[in-house]
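Dock chain B against chain L, hints included.
There are 2 protein chains.
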Amino acid sequence: MPSGPALDAETILTATEDVLRRHGPAKATVLDVARALGVSHASVYRHFPSKAALREAVARRWLGRARDPLAAVASDTRQAPAERLRTWLTTLFAAKRALLSEDPELFATYRVLTAEHSSAAADHVADLIEHLRVIIADGVTSGDFASPDPTATARTVFDATVAYHHPAHAPEWQTPGAETALEAICTLLIEGLRPR
Amino acid sequence: MPSGPALDAETILTATEDVLRRHGPAKATVLDVARALGVSHASVYRHFPSKAALREAVARRWLGRARDPLAAVASDTRQAPAERLRTWLTTLFAAKRALLSEDPELFATYRVLTAEHSSAAADHVADLIEHLRVIIADGVTSGDFASPDPTATARTVFDATVAYHHPAHAPEWQTPGAETALEAICTLLIEGLRPR
Numbered sequence: 001m002p003s004g005p006a007l008d009a010e011t012i013l014t015a016t017e018d019v020l021r022r023h024g025p026a027k028a029t030v031l032d033v034a035r036a037l038g039v040s041h042a043s044v045y046r047h048f049p050s051k052a053a054l055r056e057a058v059a060r061r062w063l064g065r066a067r068d069p070l071a072a073v074a075s076d077t078r079q080a081p082a083e084r085l086r087t088w089l090t091t092l093f094a095a096k097r098a099l100l101s102e103d104p105e106l107f108a109t110y111r112v113l114t115a116e117h118s119s120a121a122a123d124h125v126a127d128l129i130e131h132l133r134v135i136i137a138d139g140v141t142s143g144d145f146a147s148p149d150p151t152a153t154a155r156t157v158f159d160a161t162v163a164y165h166h167p168a169h170a171p172e173w174q175t176p177g178a179e180t181a182l183e184a185i186c187t188l189l190i191e192g193l194r195p196r
Numbered sequence: 001m002p003s004g005p006a007l008d009a010e011t012i013l014t015a016t017e018d019v020l021r022r023h024g025p026a027k028a029t030v031l032d033v034a035r036a037l038g039v040s041h042a043s044v045y046r047h048f049p050s051k052a053a054l055r056e057a058v059a060r061r062w063l064g065r066a067r068d069p070l071a072a073v074a075s076d077t078r079q080a081p082a083e084r085l086r087t088w089l090t091t092l093f094a095a096k097r098a099l100l101s102e103d104p105e106l107f108a109t110y111r112v113l114t115a116e117h118s119s120a121a122a123d124h125v126a127d128l129i130e131h132l133r134v135i136i137a138d139g140v141t142s143g144d145f146a147s148p149d150p151t152a153t154a155r156t157v158f159d160a161t162v163a164y165h166h167p168a169h170a171p172e173w174q175t176p177g178a179e180t181a182l183e184a185i186c187t188l189l190i191e192g193l194r195p196r
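If you read the protein sequences in the order shown, they are chains L and B. Just so you know, we're using full-length UniProt numbering here: the first sequence kicks off at 1 and counts up by one. Just so you know, we're using full-length UniProt numbering here: the second sequence kicks off at 1 and counts up by one.
Same shape as in the complex, but just chain L (with noise of 0.2 Å):
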């Protein structure tokens, strides 16, 4: 098996991904990955330790795709603190319900990997707290939120939409009426978020 300077990192990524998509989290191996590339699994291996931190490596890539959106909507001072959370926190439940439904294999990876605490879905959700800290400061310094610690309320307002992103709440997302009660739960925190 020729294993020649083509094969990098991002390569075998992809490929894991691929992989990963046929035979889910569960039966997905390192040697697949090799297979599917045509190399030895001692050339996957150069580049990851074990079949966890290439999981874990495959995760931390397509996480990263799925924030990019959600970065932008966090960044866009064209919208208003209040409308800008909103849509943040439904773009998140519509990235999450698609991911569910187009791709439940790398799904399947995300769960395993929330249950296991892997460091690349915590600093996943850090990095999602810092969006949220960064639209509620906004709010702050223009007036339309009052928060005493944006990061602590960041962490609140993703606490109570969890219903609509943590993937153990997966099953009731096709429900008639989560959108809706997500919606509800959003003007709620708005409300709760205005100076007095």
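By construction, these hints were calculated from the structure, which means they are not laboratory data. Any given hint could turn out to be false.
No more than 25 Å apart at the CA atoms, straight line, and that leaves these computed lysine to any residue pairs for SDA-like [to be verified]:
{"#": "1", "chain 1": "L", "residue 1": "K96", "chain 2": "B", "residue 2": "A170"}
{"#": "2", "chain 1": "B", "residue 1": "K96", "chain 2": "L", "residue 2": "D144"}
{"#": "3", "chain 1": "L", "residue 1": "K96", "chain 2": "B", "residue 2": "A115"}
{"#": "4", "chain 1": "B", "residue 1": "K96", "chain 2": "L", "residue 2": "E172"}
{"#": "5", "chain 1": "L", "residue 1": "K51", "chain 2": "B", "residue 2": "A181"}
{"#": "6", "chain 1": "L", "residue 1": "K96", "chain 2": "B", "residue 2": "H165"}
{"#": "7", "chain 1": "B", "residue 1": "K96", "chain 2": "L", "residue 2": "A168"}
{"#": "8", "chain 1": "L", "residue 1": "K96", "chain 2": "B", "residue 2": "R155"}
{"#": "9", "chain 1": "L", "residue 1": "K96", "chain 2": "B", "residue 2": "R111"}
{"#": "10", "chain 1": "L", "residue 1": "K96", "chain 2": "B", "residue 2": "F158"}
{"#": "11", "chain 1": "B", "residue 1": "K96", "chain 2": "L", "residue 2": "K51"}
{"#": "12", "chain 1": "L", "residue 1": "K27", "chain 2": "B", "residue 2": "R155"}
{"#": "13", "chain 1": "L", "residue 1": "K96", "chain 2": "B", "residue 2": "P69"}
{"#": "14", "chain 1": "B", "residue 1": "K96", "chain 2": "L", "residue 2": "R155"}
{"#": "15", "chain 1": "B", "residue 1": "K96", "chain 2": "L", "residue 2": "E116"}
{"#": "16", "chain 1": "B", "residue 1": "K96", "chain 2": "B", "residue 2": "V140"}
{"#": "17", "chain 1": "B", "residue 1": "K96", "chain 2": "L", "residue 2": "T114"}
{"#": "18", "chain 1": "L", "residue 1": "K51", "chain 2": "L", "residue 2": "R155"}
{"#": "19", "chain 1": "L", "residue 1": "K96", "chain 2": "B", "residue 2": "P171"}
{"#": "20", "chain 1": "B", "residue 1": "K96", "chain 2": "L", "residue 2": "F158"}
{"#": "21", "chain 1": "B", "residue 1": "K96", "chain 2": "L", "residue 2": "H165"}
{"#": "22", "chain 1": "L", "residue 1": "K96", "chain 2": "B", "residue 2": "A168"}
{"#": "23", "chain 1": "L", "residue 1": "K96", "chain 2": "B", "residue 2": "A181"}
{"#": "24", "chain 1": "B", "residue 1": "K96", "chain 2": "L", "residue 2": "H169"}
{"#": "25", "chain 1": "B", "residue 1": "K96", "chain 2": "L", "residue 2": "A115"}
{"#": "26", "chain 1": "B", "residue 1": "K96", "chain 2": "L", "residue 2": "A170"}
{"#": "27", "chain 1": "B", "residue 1": "K27", "chain 2": "L", "residue 2": "R155"}
{"#": "28", "chain 1": "B", "residue 1": "K96", "chain 2": "L", "residue 2": "R65"}
With the Cβ distance kept under 8 Å, some of the chain L side facing chain B (calculated, not the full set) [claimed, not checked]:
{"#": "29", "residue": "V125"}
{"#": "30", "residue": "A152"}
{"#": "31", "residue": "T156"}
{"#": "32", "residue": "V162"}
{"#": "33", "residue": "A163"}
{"#": "34", "residue": "A168"}
{"#": "35", "residue": "A170"}
{"#": "36", "residue": "E179"}
{"#": "37", "residue": "A181"}
{"#": "38", "residue": "A184"}
{"#": "39", "residue": "I185"}
{"#": "40", "residue": "L188"}
Since this is a predicted model, take the numbers as computed values, not measurements. We put the beta carbon where it would ideally sit given N, CA and C, even for glycine.
Below, chain B alone, put in the same frame as chain L:
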């Protein structure tokens, strides 16, 4: 085996609770219950047509017991609606956490029933939302809260605190800061409910 007139449904439910505590929801059988009572399994089936029906009846009984202190909080008009709402939500969390640590096998049974969308679990949630509705409606009457639809608002409040009552989040309940995090959600929701 004698199956005298002493064998009533309550006696069977108490024995089933003990069997569930000892064996857990996966391993407990109707035969275990019959053995514990010294009766034939036919005697048990005379009251409960299946293992599922028996498990459901047990859950219904202890969910009812768990609701009693919450019903007392919901109707305690000596507490102003805002503080009553906070007390109710923190009492629910304390009760769930106590069940998890003191009665893990019964908690596991509850978890199974929730995942199976049993009518006992659904009725329990409906009763809890009715408690919240009473508190919110009292707040609207007293001018402490604004809500065009107290039942819908009750659902939203229940939904926004799901991390502190849904069994899927049980692994996070013993983490330091869980109580403080729930208090922060309560504060934000109560602020959101105040009229302007």
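Straight-line alpha-carbon gap K96/B to A170/L, limit 25 Å = Answer holds: K96/B to A170/L is near 22 Å, not above 25 Å.
Measure nothing beyond the straight line between the CA atoms of K96/L and F158/B; if it is 25 Å or shorter, mark the hint as holding.
-> Within the cut-off at roughly 22 Å; holds.
Proposed proximity, A115/L with K96/B (alpha carbon, max 25 Å) | holds, 20 Å
Hint consistency between K96/B and E172/L [alpha-carbon to alpha-carbon, up to 25 Å] | holds, 21 Å
Taking 25 Å as the top limit, are the C-alpha atoms of K96/B and A168/L close enough?
-> Measuring from Cα to Cα gives roughly 18 Å; hence the hint holds.
Between K96/B and R65/L, is the straight-line Cα distance small enough, at 25 Å or below?
-> violated, 37 Å
Taking 25 Å as the top limit, are the C-alpha atoms of K96/L and P171/B close enough?
-> Roughly 22 Å separates the two Cα atoms, so the pair holds.
Closer than 8 Å between Cβ atoms is the bar; does A170/L clear it against chain B? Give me holds or violated.
-> Status violated, d = 10 Å.
Is the hint on V162/L kept, meaning its closest Cβ partner in chain B is under 8 Å away?
-> It holds, given that the least Cβ distance between V162/L and chain B is near 5 Å, below 8 Å.
A152/L as chain B interface residue, shortest Cβ-Cβ below 8 Å = holds, 7 Å
Mind checking the alpha carbons of K27/L and R155/B for me, to see if they're no more than 25 Å apart?
-> Measuring from Cα to Cα gives roughly 39 Å; hence the hint is violated.
Are K96/B and D144/L close enough, with their CA atoms no more than 25 Å apart?
-> Answer violated: K96/B to D144/L is near 36 Å, above 25 Å.
Hints 2, 5, 11, 12, 13, 16, 18, 27, 28, 29, 35 and 36, counting from the list given before, are not met by this structure.
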